[in-house]
Amino acid sequence: MVDEKTIKGALDKKGAYGADLDLDSYEQGTRTPDKVDDMESSDYRRYMENVGVVADEINRAGTLMFIDNGMSHCSTSVQEGLEMSSLSDALKRHPDLKDYFWKAMDPTKDKYTAKSYLEDADGYFIRVKSGYTIKNPVQTCMLLNRDKSIQNVHNIIIVEDNASLEMITGCSTAHHANDSLHIGVSEIYVGDNSNLTFSMIHSWGKMTGVRPRTNCVVGKNSNYTNNYVIMNPVGSLQSFPVATLGEGSSATYNTVCIAHEGSDIDTGGMVNLNGYGSKAEIMSRSISMGGRMCARGRLVGNSPGVKAHLECRSIILKDGGSTLAVPELEAHVADVEMTHEAAVGKIARDQIEYLMSRGLDEDQAVSMIVRGFLSGSINGLPEALQKELDSAIEKANLGD
Amino acid sequence: MTDMLKIVDLHAQAGEREILKGVNLTVKEGETCVLFGPNGSGKSTLMATIMGYSTIKVTSGQILFKGQDITGMSVDQRAKLGIGMMMQRPPNIFGVKLGDLIRSTSDIGDEILKDADSFKMEKFLDREVNVGFSGGEIKRSELLQLTAQRPEFILLDEPESGVDLEIIDLIGNKTRDLLNYKMGEDGRHVSSLVITHTGQILNYIDADLAYIMKAGRITAEGKPLEFLKEIRENGYGE
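If you read the sequences in order, they're chains A and B. The first sequence begins at 1 in the working numbering and counts up by one. The second sequence begins at 1 in the working numbering and counts up by one.
Chain A with its partners taken away, still in its complex shape:
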């Protein structure tokens, strides 16, 4: 383990990507927020529902909510195989959980991880025990409720062997907490022959800073899917989750983003294909509506039999914005098959006119193509997420 002094030193370490945010310009968020017993009658309901968290909890295995830096709600209808609580409570119950702390994530990665480590941030703990398949998704909600403050959370998710979990995690900002910062460290452990789908839907304020740090370690013959959706304006968002795969495992990243005017989004992800025959696919669909959009993808082949593909597609709808695709392939053995495609530009005129020849006006045609580009071109999204994505696209201001 790295010593505390080195970690303190990392408080000055800029992130590898994205604008450098000044941690000292924010205050600390509270660790004792309002308790929310009944989600349906809660004042926070509208913020949750913006990001795919359903208040009636129908078709959900459980719900966990954090407001600022403390847990506000935790409920589950699943009797066996699923454990949900705050991380601090979980550690009291299982002292050996400490072995999972800061194993998937290096606390000295940058100032944001260092801050989370040094403040011993609380967060959620979710574990699916070996042999259990949790049928409905678990939903978590992270709400930033205080302006000029930092939400600093540290989550641990464990899906043991022969187990399966789907998570929908919605993050949002209350209207009055626009100029704030979210730091969310998530360490994820997936065992052998298991599945985890981890879907994040974000809706922040126009000035909010967002620095999620998500690393996942995957065992043998397992599948890990990471979906990321952001349709609303945000200040500065930078995220680059990293997955490390064992033998025969696969990882899929799907990212769907709109960079509105004033938004600076730098997103994507990395997969280390360490196990024999492991597979990865990184897909990204983004639109610049006047904001800055950067889509990254990095695939590292470290073992024979690896197969991986990366695809970044980006459309610029409005002048004044920019888009950058950074696809990277790296291999350290001969027997790998790794490919990428990247395309950046405007919508092809022939597509617009084809739809116009069916009677749509130009704006309607553009809007239909953009909606299709965002919602339809990624295959295999979980049903609940596809619904949320479609509704987010519906609500997003696409200029029509």
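Keep in mind the hints are simulated off the structure, nothing from the lab. Do not take every clue at face value.
Stated by the list, open to error - Calculated lysine-lysine pairs in the DSS-like style (CA-CA distance at most 30 Å, straight line):
| # | chain 1 | residue 1 | chain 2 | residue 2 |
| --- | --- | --- | --- | --- |
| 1 | B | 80 | A | 346 |
| 2 | B | 114 | A | 387 |
| 3 | A | 35 | A | 387 |
| 4 | A | 318 | B | 57 |
| 5 | B | 6 | B | 223 |
| 6 | B | 80 | A | 318 |
| 7 | A | 395 | B | 80 |
| 8 | A | 395 | B | 97 |
| 9 | A | 318 | B | 97 |
| 10 | B | 123 | A | 387 |
| 11 | B | 114 | A | 346 |
| 12 | A | 387 | B | 223 |
| 13 | B | 120 | B | 97 |
| 14 | A | 307 | A | 206 |
| 15 | A | 220 | A | 318 |
| 16 | B | 97 | B | 80 |
| 17 | A | 111 | A | 14 |
| 18 | B | 97 | B | 114 |
| 19 | B | 57 | A | 346 |
Claimed, not checked - Derived Cβ-Cβ restraints for the label pairs, each shown as a range:
| # | chain 1 | residue 1 | chain 2 | residue 2 | range |
| --- | --- | --- | --- | --- | --- |
| 20 | B | 9 | A | 347 | 30 to 36 Å |
| 21 | A | 319 | B | 9 | 21 to 27 Å |
| 22 | A | 326 | B | 62 | 49 to 55 Å |
| 23 | B | 54 | A | 135 | 47 to 53 Å |
| 24 | A | 330 | B | 72 | 51 to 57 Å |
| 25 | A | 333 | B | 215 | 58 to 64 Å |
| 26 | B | 162 | A | 129 | 53 to 59 Å |
| 27 | A | 319 | B | 110 | 35 to 41 Å |
| 28 | B | 68 | A | 362 | 18 to 24 Å |
Just so you know, even glycine gets a beta-carbon here, dropped at the ideal spot from N, CA and C.
Given chain A, work out where chain B should sit, using these hints.
Positioned in the frame of chain A, the structure of chain B alone reads:
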């Protein structure tokens, strides 16, 4: 009969190259006209110009539709006036399902979609528009869309090209149904301009008049089947 479409001394270019060099052509109300011509004579360009595609720039001349000058109108304005087109190679529209496109562009979309199996398209309604479609699937998809769109004047660019023999009957019959559709209370048929290379489509539809186009101009007009026989025997005389 009044004129549905009248093209007067139309000059148009693609990029810097002039393709249409003074086209004169008329399609009367309720008439089906065939457009023959060698490859590269400008037939598809003429259709794209009538539809208003921006790849083609009109430099002089006029396109009149039901007496109204549409030369400067946008594609959707022309579609709303009642012009529809079957493209030979329509673009892929990723993420947009064929069924959704038809529903959102046609008031009778739902009704037509119930009949999708007669176009052998029922399995394609949840597919992205044109993505991975074969030649024959594209034709059937275009015919289904046009049937839902119900244009008064239809441009068909080689409806039989790239189609397997076993499906040609279906394409031919659906094309005939489309052209035989009776508009309005007076019961007249829709009007159309049909490009055909092989003439195969004429086994299914009754054409009233044929034009021959060469090097960007209409060089002859006459009876479709006589022209076809002549072209089959002697080519275009080049």
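Cross-check of the supplied hints:
1. 80(B) <-> 346(A): holds, 26 Å
2. 114(B) <-> 387(A): holds, 25 Å
3. 35(A) <-> 387(A): It holds: about 29 Å lies between the C-alpha atoms, which stays within 30 Å.
4. 318(A) <-> 57(B): holds, 25 Å
5. 6(B) <-> 223(B): Since the Cα atoms of residue 6(B) and residue 223(B) sit roughly 19 Å apart, the hinted pair holds (cutoff 30 Å).
6. 80(B) <-> 318(A): holds, 27 Å
7. 395(A) <-> 80(B): The hint holds at about 28 Å.
8. 395(A) <-> 97(B): holds, 20 Å
9. 318(A) <-> 97(B): holds, 25 Å
10. 123(B) <-> 387(A): holds, 22 Å
11. 114(B) <-> 346(A): Distance ~35 Å between residue 114(B) and residue 346(A) Cα, so the pair is violated.
12. 387(A) <-> 223(B): violated, 56 Å
13. 120(B) <-> 97(B): holds, 16 Å
14. 307(A) <-> 206(A): violated, 39 Å
15. 220(A) <-> 318(A): Violated: residue 220(A) and residue 318(A) sit about 45 Å apart, past 30 Å.
16. 97(B) <-> 80(B): Since the Cα atoms of residue 97(B) and residue 80(B) sit roughly 22 Å apart, the hinted pair holds (cutoff 30 Å).
17. 111(A) <-> 14(A): holds, 6 Å
18. 97(B) <-> 114(B): holds, 16 Å
19. 57(B) <-> 346(A): holds, 21 Å
20. 9(B) <-> 347(A): 30 to 36 Å: With Cβ atoms ~34 Å apart, the hint holds.
21. 319(A) <-> 9(B): 21 to 27 Å: violated, 39 Å
22. 326(A) <-> 62(B): 49 to 55 Å: This hint holds: roughly 51 Å between Cβ atoms.
23. 54(B) <-> 135(A): 47 to 53 Å: holds, 52 Å
24. 330(A) <-> 72(B): 51 to 57 Å: holds, 54 Å
25. 333(A) <-> 215(B): 58 to 64 Å: Since residue 333(A) and residue 215(B) have Cβ atoms about 60 Å apart, the given range 58 to 64 Å holds.
26. 162(B) <-> 129(A): 53 to 59 Å: Holds, since residue 162(B) and residue 129(A) (Cβ atoms, about 57 Å apart) stay within the stated range.
27. 319(A) <-> 110(B): 35 to 41 Å: holds, 39 Å
28. 68(B) <-> 362(A): 18 to 24 Å: At 21 Å between Cβs, range holds.
The structure shown violates the earlier hints numbered 11, 12, 14, 15 and 21.
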